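Peer 1: Next come the chains, spelled out residue by residue.
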Amino acid sequence: MGKGISGLEQMYHGLFTVVLIFLAVMVVLCLIRAIIGPRVADRIVSVNMMGTMVMVIIAVLALMLEEGYLADICLIYAMLSFLAVIVLTKVYMGVYLEKKEEEEKENGGD
Amino acid sequence: MAAIEWIRFLVGAFFLLCGLAIFVVEMIGVFRFRYVLNRMHAAAMGDTLGIGLSLVGLIIMSGFTFTSLKLFLVIVFLWFSSPASSHLIARLEVTTDEEPEKHYRRVALRDLERELQERAAAGDELGGDAPDARTENESDADKPDAQTVEGVRSVGAAVGKGEA
Chain A
1486 MGKGISGLEQ MYHGLFTVVL IFLAVMVVLC LIRAIIGPRV ADRIVSVNMM
1536 GTMVMVIIAV LALMLEEGYL ADICLIYAML SFLAVIVLTK VYMGVYLEKK
1586 EEEEKENGGD
Chain B
14 MAAIEWIRFL VGAFFLLCGL AIFVVEMIGV FRFRYVLNRM HAAAMGDTLG
64 IGLSLVGLII MSGFTFTSLK LFLVIVFLWF SSPASSHLIA RLEVTTDEEP
114 EKHYRRVALR DLERELQERA AAGDELGGDA PDARTENESD ADKPDAQTVE
164 GVRSVGAAVG KGEA
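From first to last, the protein sequence lines stand for chains A and B.
If you're matching positions, the first sequence starts at 1486 in my numbering and goes up one per residue.
If you're matching positions, the second sequence starts at 14 in my numbering and goes up one per residue.
Wrong hints could be hidden among the right ones.
To give an idea of the interface, some chain B residues facing chain A are shown, with a C-beta separation under 7 Å as derived from the structure [stated by the list, open to error]:
{"id": "1", "residue": "Ala26"}
{"id": "2", "residue": "Val49"}
{"id": "3", "residue": "Gly59"}
{"id": "4", "residue": "Leu71"}
{"id": "5", "residue": "Leu84"}
{"id": "6", "residue": "Leu86"}
{"id": "7", "residue": "Phe90"}
{"id": "8", "residue": "Ser94"}
{"id": "9", "residue": "His116"}
{"id": "10", "residue": "Leu122"}
{"id": "11", "residue": "Asp124"}
{"id": "12", "residue": "Leu125"}
Keep in mind that the hints were calculated from the coordinates and are not lab data.
In this text the structure is predicted, and so the values were computed from the model without any measurement.
Ideal Cβ positions, reconstructed from N, Cα and C, are used throughout, including at glycine.
When you get a sec, could you build the whole thing from the sequences and use the hints?
Peer 2: Written out as structure tokens, the structure reads:
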């Protein structure tokens, strides 16, 4: 970024470093939210937020290291985090409904 | 030429920092709201607006290349996937909530409309003039809200007592 222009290269490097450090702090805050979140939906929401911030980190690294393939990884990461949310919600809801049905059956039998 | 590069850097940095500011707002919202269905508003804002502004800034910095096309595809994908995942999480929360009375109140739109019509009819009977009726309506509008809030609180207290 900014090759051949005096000062611009350092500016790009400094901006990207600051943004990366900032996003790392935000990801740690998301992790805290995921740990203290009282319900399962809280945790899934914060994991989704962490995925979004990691996507921005990967996109910044793609420009900072000038490696174009990191943008592909960013796209794949977006799809994977979407898939993770779908699978987590479906599995948790299925397990919950199954357990509830069993409880109702036991109560009805007695 | 150097001036154009500098302007591009400044515009891109502006968009990138705007995206980071949206992330900060998202984090404040997620920590300060009290319930998941409220927190999801803040989280969805970061999913679309925050990452959108950040990646637009990076696209401006990167210029007209394949990398910027891929970043644009990431934005488009998130526009489609974020509402779907928010919907799934909300449905999970509503399905698995054991005590919904503590968290939210279920209201059918039909009941709200009937309530509004009844209130309007009562206002017409009480006040003869149009301005008077309007003030009656406004003064009435405050009381039932307070009553419903009290009702919700008493229901929550009753549930808590029943458990204890």
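Peer 1: Should the hint that Leu86/B touches chain A count as held when the rule is a Cβ pair under 7 Å?
Peer 2: 6 Å, holds
Peer 1: Using Cβ atoms only, decide whether Leu122/B comes closer than 7 Å to chain A, and label the hint accordingly.
Peer 2: Violated, about 24 Å.
Peer 1: Would the hint on Val49/B be counted as holding, given a Cβ-Cβ threshold of 7 Å to chain A?
Peer 2: At 4 Å from the nearest chain A Cβ, Val49/B passes the 7 Å test, so the hint holds.
Peer 1: Return the status of the interface hint for Gly59/B: holds when the least beta-carbon distance to chain A is below 7 Å, violated otherwise.
Peer 2: 6 Å, holds
Peer 1: Please verify that hint: Asp124/B, Cβ, nearest Cβ of chain A, below 7 Å or not.
Peer 2: 27 Å, violated
Peer 1: Would the stated hint for Phe90/B survive a check requiring a Cβ distance to chain A of less than 7 Å?
Peer 2: Holds - the Cβ of Phe90/B comes within 7 Å of chain A, reaching about 5 Å at its closest.
Peer 1: Does Leu84/B pass the interface hint, meaning its C-beta sits closer than 7 Å to a C-beta of chain A?
Peer 2: 6 Å, holds
Peer 1: Using Cβ atoms only, decide whether His116/B comes closer than 7 Å to chain A, and label the hint accordingly.
Peer 2: It is violated, given that the least Cβ distance between His116/B and chain A is near 10 Å, above 7 Å.
Peer 1: Would the hint on Leu71/B stand, with a C-beta cut-off of 7 Å toward chain A?
Peer 2: 5 Å, holds
Peer 1: Checking hints one by one. Is Ala26/B an interface residue toward chain A, by the C-beta closer than 7 Å rule?
Peer 2: Ala26/B check passes; min Cβ-Cβ to chain A is 5 Å, inside 7 Å.
Peer 1: Would the stated hint for Ser94/B survive a check requiring a Cβ distance to chain A of less than 7 Å?
Peer 2: 4 Å, holds
Peer 1: Measuring from the C-beta of Leu125/B to each C-beta in chain A, is the shortest one below 7 Å?
Peer 2: Since the shortest Cβ distance to chain A is 26 Å, the answer is violated.
Comparing the model with each numbered hint stated earlier shows that hints 9, 10, 11 and 12 do not hold.
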